[in-house]
Amino acid sequence: LLKKKNNQIEAFVSRRAEKMKKNPPTQEICRLLSLELIFLWHALPTCTEDELKPFLDVCDMQTDKNVFHLKCLLEGAIYKELGQDEYALQVRFIHEETCIRLF
Numbered sequence: 001l002l003k004k005k006n007n008q009i010e011a012f013v014s015r016r017a018e019k020m021k022k023n024p025p026t027q028e029i030c031r032l033l034s035l036e037l038i039f040l041w042h043a044l045p046t047c048t049e050d051e052l053k054p055f056l057d058v059c060d061m062q063t064d065k066n067v068f069h070l071k072c073l074l075e076g077a078i079y080k081e082l083g084q085d086e087y088a089l090q091v092r093f094i095h096e097e098t099c100i101r102l103f
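According to full-length UniProt numbering, the residues represented by the sequence shown are 1 to 103, in order.
Quick caveat, the hints were computed from the structure, so don't treat them as lab data. Hints should not be assumed to be uniformly reliable.
[Said to hold, decoys possible] Taking lysine-lysine pairs in the DSS-like style, the calculated list, with each CA pair at most 25 Å apart, reads: (1) Lys65 - Lys22; (2) Lys80 - Lys65; (3) Lys65 - Lys53; (4) Lys65 - Lys19; (5) Lys53 - Lys80.
As the structure is a computational prediction, the values presented were derived from the model and not from experiment.
My request is simple: use the sequences and hints to build the entire structure.
Below, the structure written as structure tokens:
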């Protein structure tokens, strides 16, 4: 793992890697986490439509409720990049309906 964290993404990845040592993720979750890095690097806008569509398939594969919110975030961002704003908003509303309100 990284010994020196030079930026926020390196620190984030390092913390995530430490958590994964204790509880190894499934292959599906690893794919979703890879998409998360693409999102964090602001690389989604550079992807073509043909590259973005398989990302939605990765999101659809997710069944673990622990990554549901990440799945919704990524789906919304991907739909937005595909120019499908209505779908992006629908993903947002699905996410809001499943959140537990604190207050």
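Tested hints:
With a C-alpha separation of about 19 Å, the suggested pair Lys65 and Lys22 falls inside the 25 Å cut-off, and the hint holds. This hinted pair checks out: Lys80 and Lys65 have alpha carbons roughly 23 Å apart, not beyond 25 Å. The straight-line distance between the Cα atoms of Lys65 and Lys53 is roughly 22 Å, inside the 25 Å bound, and the hint therefore holds. Note on Lys65 and Lys19: the hinted pairing holds, with a Cα-Cα distance of about 17 Å set against a maximum of 25 Å.
For the given pair, Lys53 sits about 12 Å from Lys80 by alpha-carbon distance, which is consistent with the 25 Å threshold.
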